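Undergrad: Taken in order, these protein sequences are the chains called P and S. In this text, residue positions in the first sequence follow the UniProt record's numbering: the first is 1, and each later residue adds one. In this text, residue positions in the second sequence follow the UniProt record's numbering: the first is 1, and each later residue adds one.
What the hints contain is simulated information worked out from the structure, not anything from laboratory work. It should be emphasised that the depicted structure is a prediction, and the values quoted were computed from it without experimental measurement. Check each hint, because a few of them may be wrong.
It does not matter which identical chain is meant; a pair holds if it fits inside one copy or across any two.
Unchecked claim - List of simulated lysine-lysine pairs, PhoX-like, C-alpha gap at most 25 Å: (1) LYS204 x LYS568; (2) LYS568 x LYS233; (3) LYS93 x LYS204; (4) LYS456 x LYS306.
Number of protein chains: 2
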Amino acid sequence: MSHTLHFFISIVLCFVIGIHRVQSEITYIEARYPLRGTPSAPNAPWPQPQYLNASLDLTYIDPDFFIVYSNLRNCDITDKAIERYQPLFYPPKLTIRSPDTFDDSRVLISVLIEIRSKKCDVYPDLHDDQSYNITIENAYGKITAENVWGALNGLETFSQLLFITEDDYLAINASVTIRDWPRFPYRGLLLDSSRHFLPVPILKQQIDAMSYNKYNVFHWHLSDDQSWPFVSKKFPQLTEKGAFSPDHVYTPEDVQDIIEHARLRGIRTIPEFDSPGHVAALGRAFPEFLTDCYNGSTPNQAIYSKHAAREIIDVTKDEVYKFMKEFLQEVKDTFKYEPYIHLGMDEVTPACWLSNPNIQKFLKDNNMTNGTDLMTHYSNKILGIAKSIGAKSMVWQDPWDDGVKLPLGTVIGIWKDTSLLPDSPPWSYFLSKATSEGYDTVLSAPFYLNMIKYGKYETNDSVMNLEFFHWYNIDLFANFTGDDAARKRLIGAETTLWGEFVDGTNSLSRLWVRASGVAERLWSSIDVNNPEDAQFRLDVHRCRMLRRGIPAAPILNGYCGPYEAGMKQSMVNDPIFSYID
Amino acid sequence: MSHTLHFFISIVLCFVIGIHRVQSEITYIEARYPLRGTPSAPNAPWPQPQYLNASLDLTYIDPDFFIVYSNLRNCDITDKAIERYQPLFYPPKLTIRSPDTFDDSRVLISVLIEIRSKKCDVYPDLHDDQSYNITIENAYGKITAENVWGALNGLETFSQLLFITEDDYLAINASVTIRDWPRFPYRGLLLDSSRHFLPVPILKQQIDAMSYNKYNVFHWHLSDDQSWPFVSKKFPQLTEKGAFSPDHVYTPEDVQDIIEHARLRGIRTIPEFDSPGHVAALGRAFPEFLTDCYNGSTPNQAIYSKHAAREIIDVTKDEVYKFMKEFLQEVKDTFKYEPYIHLGMDEVTPACWLSNPNIQKFLKDNNMTNGTDLMTHYSNKILGIAKSIGAKSMVWQDPWDDGVKLPLGTVIGIWKDTSLLPDSPPWSYFLSKATSEGYDTVLSAPFYLNMIKYGKYETNDSVMNLEFFHWYNIDLFANFTGDDAARKRLIGAETTLWGEFVDGTNSLSRLWVRASGVAERLWSSIDVNNPEDAQFRLDVHRCRMLRRGIPAAPILNGYCGPYEAGMKQSMVNDPIFSYID
Numbered sequence: 001m002s003h004t005l006h007f008f009i010s011i012v013l014c015f016v017i018g019i020h021r022v023q024s025e026i027t028y029i030e031a032r033y034p035l036r037g038t039p040s041a042p043n044a045p046w047p048q049p050q051y052l053n054a055s056l057d058l059t060y061i062d063p064d065f066f067i068v069y070s071n072l073r074n075c076d077i078t079d080k081a082i083e084r085y086q087p088l089f090y091p092p093k094l095t096i097r098s099p100d101t102f103d104d105s106r107v108l109i110s111v112l113i114e115i116r117s118k119k120c121d122v123y124p125d126l127h128d129d130q131s132y133n134i135t136i137e138n139a140y141g142k143i144t145a146e147n148v149w150g151a152l153n154g155l156e157t158f159s160q161l162l163f164i165t166e167d168d169y170l171a172i173n174a175s176v177t178i179r180d181w182p183r184f185p186y187r188g189l190l191l192d193s194s195r196h197f198l199p200v201p202i203l204k205q206q207i208d209a210m211s212y213n214k215y216n217v218f219h220w221h222l223s224d225d226q227s228w229p230f231v232s233k234k235f236p237q238l239t240e241k242g243a244f245s246p247d248h249v250y251t252p253e254d255v256q257d258i259i260e261h262a263r264l265r266g267i268r269t270i271p272e273f274d275s276p277g278h279v280a281a282l283g284r285a286f287p288e289f290l291t292d293c294y295n296g297s298t299p300n301q302a303i304y305s306k307h308a309a310r311e312i313i314d315v316t317k318d319e320v321y322k323f324m325k326e327f328l329q330e331v332k333d334t335f336k337y338e339p340y341i342h343l344g345m346d347e348v349t350p351a352c353w354l355s356n357p358n359i360q361k362f363l364k365d366n367n368m369t370n371g372t373d374l375m376t377h378y379s380n381k382i383l384g385i386a387k388s389i390g391a392k393s394m395v396w397q398d399p400w401d402d403g404v405k406l407p408l409g410t411v412i413g414i415w416k417d418t419s420l421l422p423d424s425p426p427w428s429y430f431l432s433k434a435t436s437e438g439y440d441t442v443l444s445a446p447f448y449l450n451m452i453k454y455g456k457y458e459t460n461d462s463v464m465n466l467e468f469f470h471w472y473n474i475d476l477f478a479n480f481t482g483d484d485a486a487r488k489r490l491i492g493a494e495t496t497l498w499g500e501f502v503d504g505t506n507s508l509s510r511l512w513v514r515a516s517g518v519a520e521r522l523w524s525s526i527d528v529n530n531p532e533d534a535q536f537r538l539d540v541h542r543c544r545m546l547r548r549g550i551p552a553a554p555i556l557n558g559y560c561g562p563y564e565a566g567m568k569q570s571m572v573n574d575p576i577f578s579y580i581d
Numbered sequence: 001m002s003h004t005l006h007f008f009i010s011i012v013l014c015f016v017i018g019i020h021r022v023q024s025e026i027t028y029i030e031a032r033y034p035l036r037g038t039p040s041a042p043n044a045p046w047p048q049p050q051y052l053n054a055s056l057d058l059t060y061i062d063p064d065f066f067i068v069y070s071n072l073r074n075c076d077i078t079d080k081a082i083e084r085y086q087p088l089f090y091p092p093k094l095t096i097r098s099p100d101t102f103d104d105s106r107v108l109i110s111v112l113i114e115i116r117s118k119k120c121d122v123y124p125d126l127h128d129d130q131s132y133n134i135t136i137e138n139a140y141g142k143i144t145a146e147n148v149w150g151a152l153n154g155l156e157t158f159s160q161l162l163f164i165t166e167d168d169y170l171a172i173n174a175s176v177t178i179r180d181w182p183r184f185p186y187r188g189l190l191l192d193s194s195r196h197f198l199p200v201p202i203l204k205q206q207i208d209a210m211s212y213n214k215y216n217v218f219h220w221h222l223s224d225d226q227s228w229p230f231v232s233k234k235f236p237q238l239t240e241k242g243a244f245s246p247d248h249v250y251t252p253e254d255v256q257d258i259i260e261h262a263r264l265r266g267i268r269t270i271p272e273f274d275s276p277g278h279v280a281a282l283g284r285a286f287p288e289f290l291t292d293c294y295n296g297s298t299p300n301q302a303i304y305s306k307h308a309a310r311e312i313i314d315v316t317k318d319e320v321y322k323f324m325k326e327f328l329q330e331v332k333d334t335f336k337y338e339p340y341i342h343l344g345m346d347e348v349t350p351a352c353w354l355s356n357p358n359i360q361k362f363l364k365d366n367n368m369t370n371g372t373d374l375m376t377h378y379s380n381k382i383l384g385i386a387k388s389i390g391a392k393s394m395v396w397q398d399p400w401d402d403g404v405k406l407p408l409g410t411v412i413g414i415w416k417d418t419s420l421l422p423d424s425p426p427w428s429y430f431l432s433k434a435t436s437e438g439y440d441t442v443l444s445a446p447f448y449l450n451m452i453k454y455g456k457y458e459t460n461d462s463v464m465n466l467e468f469f470h471w472y473n474i475d476l477f478a479n480f481t482g483d484d485a486a487r488k489r490l491i492g493a494e495t496t497l498w499g500e501f502v503d504g505t506n507s508l509s510r511l512w513v514r515a516s517g518v519a520e521r522l523w524s525s526i527d528v529n530n531p532e533d534a535q536f537r538l539d540v541h542r543c544r545m546l547r548r549g550i551p552a553a554p555i556l557n558g559y560c561g562p563y564e565a566g567m568k569q570s571m572v573n574d575p576i577f578s579y580i581d
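Extracted from the complex, chain P is given alone in its bound form:
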């Protein structure tokens, strides 16, 4: 899409504001610094579609007559989506008037969802066609897509085009053409259920918010030092001893509930069980799996800043691999549609291993010399187990970075950067290197959204939210040195909300609307990169998320409408959107 066209579209949508004032507006005044950028139409979609053309005139929707239907019969994905979108089309508690005073030609009758494949897919795949088209013309709308996943993207965008006018009509541009597809196929979000427990209703709202921002992978960090909330049928002691309490667990039913909730929204759920480090909770169930760390000849000694008393798996023990094979098989069976398991492998410090006489002997007996050899041994074993049970593997970059030869086909998560680890190269270095070596990679290094930081970005002629400005300006290919083939191996990125200081009290408001900024850079054209304009569209989107019960926090001064959190018409914590019985 050309830059000129984009500019034209912005203007077209803008004019809608001029015609009909709406409930959602913002104000931003900094006496000495101006807020630059083009104010947004109330129904500007987020992330910005690749191609969008919309007329100035409006057509109206009558909730009692408007229907959305699909060319697929008895397809759970589309059937349930159509049902799910009803309260998104017609926000509960807000007044919507019947447009019966308008001429029939100005009332939208229906939207047909047409799946070209005529197939009701079961589970989204990285290589699926995620594109869709929308046309609205002469009182009829149509969403076309190759498959149901593209159709879900189209339905989400369509829902965003609706808005409530100042005189309480539900409206949409009378004539709309959208052609849209993602820039990156993998748009992930990591939530950490170990450092604090995140109750199922919070996870469901997070998944809902993901779908409103076209994220399509939920990376579920399910184990760490602090707790092991995943109930295993084969190894119940994992939660009996490793969970915070019997109330702080995900039962098999909970896990299926989450997988299904995400699947119906076109979102994959990739579980992460981290090892051989970050396993203190595992060690509470299976103390024998952990390495005793030594101080001189004394076992079970912490040398702080180097290692704890016991913190990593003893890679020399056969029972570890026996356990891992059985456990990963259970994981594979549980996440039955998902080809990938994330195996962690980050932040292993060999100091503890090397302090242990048994491991020193193992090294000698096996002609090994150092921690990398041990990690090679471990990762070969574990990746081999994963392969043997039919799972594909994702890992954090650490073993690869330390010189372990990972089989091609392993997806590498790039999380290291100078900003996080002062002695580390920048993430662009790792990204270029891993993709050039043939690995598919996912970038999370610049998107640590747990690292919240208050601030304004001020120049003499502009003020913006510092974090938004920062993230919105990140381009994944900045300083990329790989060739075109390598470029294609950067499959996308993940925002992360590590859980040290996050639980059900603040998980949603901390992540949103901040994660939406990243979402646009992962979906939209590289040309859509003007943060001064985008901040206004994002503010409109944050109001939209509020109307859908997500307590998305503001990045601009101002207001949304009478449905803000804490107001009588607020949808935040309304049972329809909050999943709390």
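Use these hints to put chain S onto chain P, whose structure you have.
TA: For chain S alone, coordinates are given in the frame of chain P:
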């Protein structure tokens, strides 16, 4: 209280954990960094009382028989407090068993609240005796205080001593002696209702949370550039034109509701109406009050980074003072018990004034030369008006700092610091100077809690939440150079939650439990200053706040109980604590 004694008390409370495991526990594991400090008893009060002695053995409470009563008849403060504390004593949704299996001697029968003055005070005053004593002995408890405000502090501490044991009994140490008083009489919290609107239910929950942390002044920032939410009966145009929308206002009834909500909890409400800067919203109602800023000879011109097109009051206009007199009279009548009005006066840049030919003429006609002269003129007028209507004045430090001679009796808010303004002296300089000149002062400079920042404080032998560590280590008298008389003029401090990026979605979870850290330094003895121990007590307190419906966010890894936000037994957003109809 001696340091030895404090240590002893910590140990005594600690043993309670050994006897009865409780629902609230924390875990914190950082493989390479230890968490130091003494784990807390589940019923450790926050902030730490000045003197506390508690026995190891427990007594139990039967919700059906336990009564709290007072020696005052028909006193709204005590009567309503006793009623209000019922769901705090007996957290709804949690199981509490009747202690009928215990011997009667182990069941607490009653607590008498004894007000020595025998007076039902109406509104708290800075100089009130805020102290209280608690004794529990032989199945009877007693809270004694000079006045109702001290009694409220005692009731809050008493409520914190209760805890639910692992076997679901409501318990308290069988024998307790507490003598307690605040280190500083003024413990304030500023909330900003202009940059975003904070709905009444959110404000009420904030006030509740203040009372759980012994804050006693709600500084309500009610006007700024962004919006004017305060409905004036005399000047309805203020909100008609200055509010975000008719839904984003505080009606006179709302304001009385807030004042009363705070008053019943021993909390003063000090309104702030900021001028002559931060008045863009006022200017929407009264454009004629603002100064046209010039660029050369052209009026109404922004020169960004210096001034906007119009941003400050025209101090030469009589109608401004006429308005201010009428408006401040209304404010005084509205906040009828509160002696102080905060008049703002911060961040006025004279560049705009001096660019305006009319003001240049005014300067010349009145033998004035600069912005300080204009500010002197304005502050003399406004402080004179305040005095004439019987109000006492608080202002931010700016006019005093710029050389304006403020009358003694004006309370000065110290907010400037090197960390906020690189060219500024540190806050300790301002504090020493203002108090030495005879001004009562309130410190907010180091307590800008809107400036959230993720981080861990790590040394080789300890890890802590960075923000908690930072705030908990601030002593208000650090680098203080004033004499003893000056010391007494530092009446306390205020935490601030400026509203640029805060609204109902995140106001509560962003402020708490962070503001609790400051609360302890404002209330407790200077000796209570060990953050490694305090973090555990604070974590227990954060669980307590969760049980009371406040979505207080964690500062440690771990968990509280089955009542966390998002869980079925959560009290967060339960109608009893959330005030949403």
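Undergrad: Next step is simple, just say for each hint if it's right about the structure.
TA: Consistency of the hints with the structure:
no.	hint	in the structure
1	LYS204 x LYS568	both (23 Å within a copy, 14 Å between copies)
2	LYS568 x LYS233	between (44 Å within a copy, 24 Å between copies)
3	LYS93 x LYS204	both (22 Å within a copy, 23 Å between copies)
4	LYS456 x LYS306	between (37 Å within a copy, 17 Å between copies)
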